[in-house]
Structures are given as structure tokens and as C-alpha cells.
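Participant: Given chain A, put chain B in place with the hints provided.
Chain by chain, the residues run as shown.
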Amino acid sequence: MTMFVAILVPLLPLVSGIILGVFGKHLRETSSKVGVLALALAFICSLWVLYAVSVGGPIRIMLPPFHSGPDGWFQFGLFIDRLSAVMMVLITSVSTVIHVYSIRYLQGDPGYARFYSLLGLMTFVILSLVSSPNLLMLFVFWQLLSWILYLILAFNYAHVPAYQNAFKTLMVHRIGDVTFLCGIFMAYKYFGTLGFNELFERASQQSYVISLLPGNLLDISVVTVITLLIFIGAMAKSAQFPLHVWLPDTMDSPTPVSALMHAGIINAGGFLLNRLAPLYALSPNTLHIVFVIGALTVVFGASMMLVQNDIKKTLGYSTMGQMGYMIMECGLGAFALAIFHLIAHGLFKASLFLSAGNVIHTARHEPKFPESSGHKPTKLPAQATWVTGMIVTLIMPLIILMVAHDLLEVPLKDAHGAVIFLFFSWVTASQAIFSLYRLHAVASWKVASAMIAALFLIGFTYLWAGEVFTHFLYPGPGVADAFFVAAALNPIVFDALILISTFLIFLAWIYAYTDAKGQKLLNTEWSQAIQQKVYVILINRLYVDLLYMRWGNALFQWAQKFGNRY
Amino acid sequence: MGERTLSMGSKIWEPVLSAASGEIETIMPIEVTTILAFAIILSAFCAILGQRSKLSSPILVQILIVSGLGLGTLLTPLPINRYFLVGVLGFAAYLLFQSHCRATTKTMSLAQIALAILLVLVSSFSDHSLAMFAGLGLGFTLLPLFPFHLPFVSLVSSAHGAMSGLWVTVFLSLGLAELTELPTFLSEGMPSAVSWLALGSALYASLKCLGQTQIRPLLTYATIAQASMLWGLTTVFSIFSEWVISFGLTIAFVMTALLFTYHCIQQRFGSHALGTLPGLALVMPRLGVCLIILISFAVLLPLVPVLSGLPALPTANNQDVCLVILCFIIFVVWIFESWYFPHLMHQTAFGKARPDIPYSDLTAGEISGLTLLIAAASYHGLFY
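Residue numbers (the working numbering), protein chains in the order written: chain A, 1 to 566; chain B, 1 to 384.
One thing to keep in mind: the hints can contain errors.
According to the in silico footprint, chain A covers these stretches of chain B (three or more CB under 8 Å from chain A) [to be verified]: (1) 149-160; (2) 327-335; (3) 338-352.
Think of the hints as simulated: they come from the structure by calculation, not from any bench.
All residues carry an ideal CB built from backbone N, CA and C; glycine is no exception.
Isolated chain A, as found in the complex:
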């Protein structure tokens, strides 16, 4: 029975997608009912599967061999462990909500049935991706996801920016797809299998080295090469710097698509790293690179978010920053925490996107000439602002760290849990307080107290839930700890990270305080010039888009000359 229910989870959206694709014109407005019904049933089935997997262990359903390879590994089927089951519940729940939301959102659109068909097919592809039993099937659905995402982003195909941005997305994803494929080639060539468990086992037993320069001058482990190549694939899907350029530009698609993308598709990178966690644990060098890329994405994503003046783009950059956290967590060996994070973020961001339309709609109904605040004297931040800021950004993370370690027995001080937590707390709290500082909102002690209490509660809940979830996802004794050990940074680097972060927070606060008080301690002309330059760089998205566009145009022009000449 469970097997049958498990098959129904990806099958229902597929059937719905096909039915709507073929008979959509005849069904018209009824299309939504078919889609919603299929997804609601799939959601119920996924809950059943999650329960069954939690109680009875992983489910493996293999279809007849697609090709009888030497080891018989090359099979399509379903492999549902706790990780897959959790992802299935997340995907089907978000997709169901999006299906329901789209009933009214797209009413009257000529592409109504097409939209539901594509939505169903996309849900099927994501569900199949997370339940793949081997790397090859995962890759096939990874590819299909890139293409279906392109088609759904170009849903309004008569609208030029929509398909141009869809094209941009496709190009970036394809770069990741090709490197992913190269990683698969390498994995199969050296270890002779792409089945997950077999691959992990063989990779841990056999160590191969590749010489990048003649004379064994630059040797590199095969596992490191494979994991790095696959990681580039994850970077593209999860919008990691410098492959993030597609994400903020996909806002021309319908809002439900943005919601599904930010809640589901973008998590594919984090899922991939989790699925291959035992392989990544064999290569500490890759994990360190993963950490650095994640940290860079957090910093750049959060910084660029601050200078946006468009709600949806702000949300897009916020997603980029959160994906950076997720990847950073993987780089520190906290794989389960990354999944916990992506679930929390997915639900949160989907709700934000779905309500973004309302906010924009309300804003449009404001008086035509809103009251100008330009001539009013600027209200200086109150004492409450400074105290709240200091507590939230500096003291609170450290208190939670100590209390959680001793009272809740969350081993944050061991390995690098502290780095994740402190980094996360500092950056998030700094962002929050910065936004409030700009709005001069924390002027009341009541508001400040409520904010501090809420943040304490969230911090503790996050830590407790994260710890419980880690034991749920990796129940084997020592499995999660082994990942932490593999990702362990050099103690000097670890201490330096903490010190630098603390120093930067202090510096930022001194600067903000002296600036507000009109003192010139740091507020010299050159610092203002730097501030302006940084603002210009950030609003121009670090010029990465421009760079890619120039390269693309140069290549295109050169190709045209080449084509005409030869």
C-alpha cells in the first residue's frame, strides 16, 4: 500500500500536467480544479509517505531497467528516505497552495490551462528529482527542471522581458548542468557506479588522484574534482555568487511562479549537497570552498537587497542571501540544518511572494501625491534604538549561544555550530536593525522589548528545532557529527572569523552612532565617498550582470564576424 501511495506522489502532478496539456482548451476554467485536486491528493500521499518512512525506513521502488548496464544500477525509480519524504511534503504543500492561489490570480488569462499544465509538470519534475535513486536520474530531472523553468518563466511569451529573463535563467542553469554532467562522467569513470550508496562506499574505499600539471606537480583528489563540478551545478540552481544573476530578474513571471521558484526550485542546490553529503564529507577542501561561496553570497545578497526599491526584487535578493546561508551551512557540515533552513525559508518566502501582490495593490491606491517627508526635520534615533541594536546584534547571539549549549544541550561550541549561529544571528539582526534604524521605528521601549523577546524566542526555537531535525534526518549514530568533523576549519581561521565579525559589527555601530550624533570620528569625506561608491556598486549589482552581458555581446559579435568571414 505504501509503495502505491509513494508512486502516486509524483504521478498525480504528472497526470494532471498531461491531461491539462492535451485537453486544457476544452476544460478551460475547470483546469484549475483538476490541478488543485491532483496536488491536494499528492500532498496527502506525501504526508502518508513521510509517516511510513519515519516509522519503517526508506522505500525503494525500481521500475524495469531503462538500460541493462553492467551493474544494473541504471534504473528509473523512487528512493524515498527521510530527506526525500520531507522535501516531498514541502514541495506538494507549497505547490498545492500555489495551485489554489492561481485560481483567481490567472482567471481570464488565455494561457490558464497551459499554466496549470506547466505547474503540474514542474511539480512532477521536482518530486522526481528529490526521489531519484541514482545520480543519473537526478541529473535527467535536473535538466528537465532547467527547461521547464524556462518555459514557465516565459509564460507571457508575447512580453519581451519575460522570455529574455527566462533565457538568461536557462543560460546560467546550463552552465551548472554541463559541469554537473562532467562530474557524473568522472564519478562513473573512476567508481563505476552512480547509485548513491554504492558510490559513497566505493569513493570512501578507493582514492584516486589526478595530476593537473605534468610531473605530479599539482595533484588533486578525484573526489574533490567530482564534488566541485557537481557543486557548480548546485551553485547555478541555488543562485550562488557569481551565478546568481538570473534570480532577481525572474520577476516578470506570474507571482505564483515566483513563489514556487523561491520556495522550491531554488532549494535544489541545497538538496543536492545533502543527498551527496557522504561524498562531500570525503573532501574537506570542497566543503571549505562551499563555505566561502556561501558566505560571499550571504554578504553580497544581503547588501544588494538593502539598496533595492522594488518589493519583488528585494525579496529576490533576500532569497539569494538565504540560499547563501543554506550553502554555507552545508560547507560547515551542518547538512540537516541547511534542510531545516530551506524548509523554513521556503514557507516564509512563498507566503511573502503570495502577499506581495496585495501590498503592491494597496500601495497603488495611496493618494496620488503622498505626503512628502523631504522637508521635515529628520528625527534622530532614540536611545532605545541604540540599546536595542546593541542587544540584538551583539549580546543576544552570545547569550543564546551559551544558554543553548548548557541548557538545551545543543553542542554549539563544538565543531562549528557557533560560526553558523553567530554569523546568521549577526547578519540577520544587523539587517533588521539597519532597516529599523532607517525607518526610525525603534523609538519605544515597548517595541524594543517586544522585538528583543521575539528574537530570543525565535533564536531558541530555531536552535532546538534544528537540533531535533538533525537527529530526525540523520538518525544513525555519529553520522551528523562526522559531517561536522569533515568540514572542520583550521582553529585559527575559526577564531579569526569570529573576531573579524565581532570587530566589523562594533565598527559599524561606532560609525552609525557617531554619524547620528554629528561627530566626525569616522565620518570623514573619504568615508562618505566610499559609502557612495559602495552604494553605486551595489545598485549596479556589483557589475556582474554588466560583465556577463558585455562578454556575451562580444562573443556574439565575434561569432557573427567569424560566421560571415569563414
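Facilitator: Relative to chain A, chain B alone:
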């Protein structure tokens, strides 16, 4: 023909696991030539379905001649099939001679066809190793690879009506038939040389695609890029198995169908360059659906050999150079095709339609032809 184990009437090689040795050996259960001949018949049938013009009788004659000669090459025994192959090449030379290509291109293409005819004769009447080299050269011409690609490009670009699609299928089918005779030679003789050539060809064809403003040359060079990937894959996946045929035929069907689709547009609105007729999906929904399906197929084409060919990848620690080159070939072909295929769709199917043109959607005959080609491509690419 001495030790040549497979002739034109031979069967496809399929890897099976030997119980005794644990190594992969080959059996020959399926008639490769029957599959290839079927491909030519299907393409010819679809080309006939696609002709609407009253002036199409000369084109119908061409279709019948080319498909007849192609079938003769595939279905007759040695050495008669060689004469048929000379016939195909001779007829191609005749059509090229009458075409309005640039003089330099025409001369070079004719010279290459003359060389190909010479290679056919050499492969028929010489000893084993020389015949293999001749076969390889012939393979490069028929399964087009830079710098042997000119006859293919000139023929497909200058063909009248639906002949362009048929030429693609005929060339690729005959090229695949040639390739079935070279597996050992490819894997043991000169894999790295072929790999480098395939990489150069992939790069050249992909760059040419980017620079095209006309649809037909774009699709022609796209076919060469895909064929380059096929050649690159044959050097790494040393065991020549059914995936080569399935991949080759999938390329042929998809490209033929795309050429056929654009031929339908051309029949209605005359020859047009990229970007002059956008928004067709809005005003010609059947055409739009076909185009989206076909371009989706074209973009995902590289998955076909990965799915069917990966089990044949040797896991022994050799041929590293070829594997690295293959990775580059795949990189070049995939990245560039992700650019030009969607670009092709943007310029024709997407965007706003021009209001000054009377649009008429695909007819039942055209839809049937396209459906057949898509079904054949799906069968070979996904199921077979």
C-alpha cells in the same frame, strides 16, 4: 573486404555482459540498415506531405530520386551499395552545380564531393587499413564534421522545398551506416585525433550558428555541432552500441522536423531571416506547439547519448585525454545550443505578431508529417 566484420547489411552491436569473463562483448540482434532505411522512408514521406505548391513536381522527383538512392545504398549488398552511394553523391553534385551558392563555396563543395566519391571507390576496392581510412573520411563527410562539412551545408542550405530535411536524414543515415563499420578502428586506431577534430568541429559549427541570420544555415550548422558530439562520444565510449544509432537518428529526426517546420513557414510567407516574423505561437497555435516541442527536444538532445551511452563508458583508467576533450565538446555544444535554439524560438514563436500579415495555421498534412517525425525522434531518443 577481408576482416571487416560488419557490412552495410550488418546488424547493430549491443553490449552484453559475458558470464565467464565479466567483460562486455557484442551480439548482433537488430538490423541496423532496416532502421536507417525506415528513417529515410519516413523523412521522404513527410517531405512529400509538406509540399503544397503547384510547382512542387520537380521537388517530388528529387525526393524520390534521393530517397531511392539512399535506400539502395543501405539495402543492397556490397559492392552494389557502393554504386548507389556514388549515385547519391553524384546527384548531390548535380543539384549543387545547379544551385545559386557562392562560387567559392560551390567549387569547394563539389571538390569535396569528388573526394568523397573517390573515397567510396577506395573503400570498396582496397585493402583493410586503407579501406578503413577511406571509410573514416567518408564518415566525416556524411556524418558531417569540419572541414569535411561543405557538401552538407551547401546542399541543405540551397535545397528547394522540403528537400533540406530529407538531405539531413539521408546524410546522417548513410554516415551512421559508415560508422558501424569503424568501431574497432575508432577505439584503437586514432581516438584522440578524432576527438580533437570533433572538438574543433563543435566549436566551429557552434560559432557559425551564433552568427547566422537565416534559419536554414543555422539548423544546418546545429546539425554539424550535434554530429561533432556524436563523433566525440564514439571515441570515449569505445564499445560501439545501439546508442550511436539512436542518438544519430534522433538528431536526424529532430533537425529534419525543425527544417520541415520552417519550410511550412517559408511556404506561407516566403523566405525570411531571423526576427522578421515573430509571435507565430500566438497566431498559429499548432505551429507554436510543434516548435516548442521540437526546440525542447533539440535543447535536451545531449541527454540521449548520456542516457543510452553512459553504461558503455570504460571505467578503466585510460583514454583520459579523450574524456577531457569530450567534456569540452559537450560544454561547447550545450552552452552554445542553449543560446541559439531558444534564440530561434524567441525570433519566431515568441513576441508580438505582426498585424499586417494574414496568418494560416498548419494543415492536417503538415501536422501529420511533423507528428510522425516527433514520434520517431521520441521513440529513438527516449524509448528505444
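Participant: Does each hint fit the structure? Answer for all of them.
Facilitator: Each hint tested on the structure:
Chain A is given as covering the region 149-160 of chain B, and this is violated because 0 residues of the stretch bring a CB closer than 8 Å to a CB of that chain, at least three being needed. With 5 residues bearing a CB less than 8 Å from a CB of chain A, the region 327-335 of chain B meets the requirement of three and the coverage assertion stands. Closer than 8 Å: that is the beta-carbon criterion, and the region 338-352 of chain B has 9 residues meeting it against chain A, so the requirement of 3 holds.
In terms of the numbered hints stated before, the structure departs from hint 1 and from no other.
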